[in-house]
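**Q** Chains as they are written, first to last, in this note's numbering: chain A, 263 to 438; chain B, 8 to 388.
Careful: at least some of the hints might be erroneous.
Incomplete in silico selection of chain A near chain B, CB under 8 Å [stated by the list, open to error]:
#1 Ser355
#2 Leu356
#3 Glu360
#4 Asn384
#5 Asp388
#6 Ile408
Note that these hints are calculated values from the structure, not bench results.
Since the structure is predicted, the reported quantities are computational estimates derived from the model, not experimental observations.
Note that the Cβ used here is the ideal one computed from N, Cα and C, for glycine as well.
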Amino acid sequence: MPTIDSISEDIFQETMNRAVQDVFRTMLSSSANLVHGSGAASSDGAPWKHPVDLSGAQIVGTVGFIGDISGLIYLYFSADFSKFVASQMLGMSLPEVEASGDEVVNDAIGEITNMTVGGFKNQLCDQGFPCRLTIPSILRGSNFSIEPVSGATRRTYTFEVQGHHLVTDLLMKNSD
Amino acid sequence: MRYKVLTVDDSKTVRIIVRKAFKPYDVEIIEAANGVEGLAMAGKEQPDVILLDITMPVMDGVEMLTKLKSDPELKGIPVIMLTAEGGRDNVLKIAKIGVRDYIVKPFKEELLVEKVGRIIDLKPITDGPTKTKSILDPCSLLVVEDKPAIIQQIQEGLKHTPWKIHGVGATGEAIDFLSKNTPDLIMISLSLPEEAAFTLFRLIRASVKTKYTPIFGLCVKTETNTQQMAQQVGFTSIVTKPLDVPDLEAKVAKAMNLDTSRRYFAIEGEFFVMKLPESTTTVVINEVSNYLKPKVSEAVDSGICKAIIDVKEVKSLNMNIIKLLFHTMQTCRELALQFALVGNETISAECKGFEDTRNWSFFSSVDDAKASLTKAVAAPA
């Protein structure tokens with residue numbers, strides 16, 4: 263059986279890149295350009311450093327995948343970017359999205375995260391790592407911290423979409 | 008009876024997208040946020056198709072699908088999975104439980120409509136009679152013809168209309184055009200090589216977007232066998248070459264169910280105006296006759312009491328035109344509309360030659376006719 267260690271950094275990056283591009287092209291008719299990939303970093307027990315500046319409000323979508331490989335992916339959106347995503351997905355104007363409230367934006371971010379993580383893990387499934395998705399959850403705020411999972415490896419990727427930055431934060435449990 | 012589509016997804020976003028995708032079609036969308044709600048809705052509403060997500064709280068889509076398929080009342084309802092859970096093995100495992108189709112998110116709304124359209128007959132919502140497109144509204148026509156001269160002839164002949172005519176020389180270009188646009192009417196040359204017209208016809212009809220789009224076959228007058236074949240296949244109409252452009256225009260307007268009354272009838276301030284065109288053919292006379300009574304009634308209903316009957320552009324009179332004018336004047340009298348005729352010298356002279364029309368008098372311009380009617384109404388009784 264293949265192990266997580268057999269997946270190269272290039273494959274991780276390409277898999278994430280494909281997933282993000284596919285989702286933004288299909289659902290928002292927008293291109294997403296990968297501008298930076300961090301490579302793997304292991305947890306040393308210290309709190310994770312956030313991949314984005316949390317001085318402004320952030321909406322963070324999370325979906326996990328469990329199976330022969332397990333992990334979590336966080337998608338970081340600024341408040342403006344999250345409204346843009348919701349308006350594009352729902353075919354609403356920005357004022358309409360604002361009038362609809364945070365729940366509508368949260369739900370749209372949850373779904374876009376679900377699709378992105380689905381796209382990522384489906385490619386891994388086809389490479390011999392069967393796993394299934396968890397239900398999305400949303401973090402909203404400007405001052406929160408994410409505790410590291412013991413024995414996890416982290417990779418962050420930054421994309422540029424219509425002048426906004428999207429950060430995907432991939433945390434994967436190391437193979438036993 | 009309206010078709011029902013049940014969307015079972017914990018994401019409100021997806022349910023909104025589904026609703027949006029089917030908005031142009033005559034279907035009812037029912038929603039459920041998890042498998043338990045989905046089963047209850049399926050039992051209550053008996054939908055024609057179920058769109059089912061997998062990862063949901065309370066009861067996931069796989070469990071709902073399994074329960075659905077073991078219920079004799081519900082197992083016949085076609086299910087399309089609409090989920091971010093892909094991967095070959097996953098899809099195969101779920102397909103075995105019994106699904107009609109599988110769409111992996113992210114998805115395009117068009118794909119969703121296309122797949123549902125393979126199961127139920129999706130009919131576009133037609134506007135009510137008052138919202139019917141008029142002859143003056145822009146429409147898009149696609150002409151698939153390998154002879155550029157014919158395309159040019161159609162474009163030239165119909166350039167006075169607000170219709171945008173897009174000509175392509177081959178079926179490949181037509182398919183490409185149709186993937187991005189939905190024309191209001193399509194014309195295909197039946198003489199395209201290798202019976203390509205018939206293949207294209209079938210492709211157009213198979214797509215939900217163009218299932219009901221009128222399709223004309225263009226064919227040389229003498230090729231009766233091909234014309235017959237096209238009629239049997241279901242082409243809306245056959246247009247023969249050499250082209251008779253006015254006839255083509257009338258056929259196009261009829262096929263698109265356009266309201267052509269605005270060609271002949273208008274409200275100008277306090278006047279109801281009926282105007283016959285230079286070429287007042289039998290087709291035109293029939294159209295005008297059909298619209299006459301409702302249009303005059305509509306004008307009277309909105310408070311108009313003066314009418315102008317303008318035949319100035321008509322080159323020569325014939326019995327049908329005279330009958331129409333009699334009919335028009337009679338209709339005006341019945342509804343107490345004061346009217347005046349506008350004509351040219353030829354028409355006026357021709358009228359003197361008939362016993363029944365000898366007393367008709369014509370104004371030489373619409374303005375003169377309007378002034379006369381205004382004066383007549385203003386004058387004390």
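**Q** Each hint needs a verdict: does it hold in this structure or not?
**A** Going through the hints against the structure:
no.	hint	verdict
1	Ser355	violated (14 Å)
2	Leu356	violated (16 Å)
3	Glu360	violated (16 Å)
4	Asn384	holds (4 Å)
5	Asp388	holds (6 Å)
6	Ile408	violated (22 Å)
Checked against the numbered hints above, the structure breaks hints 1, 2, 3, 6 and satisfies the rest.
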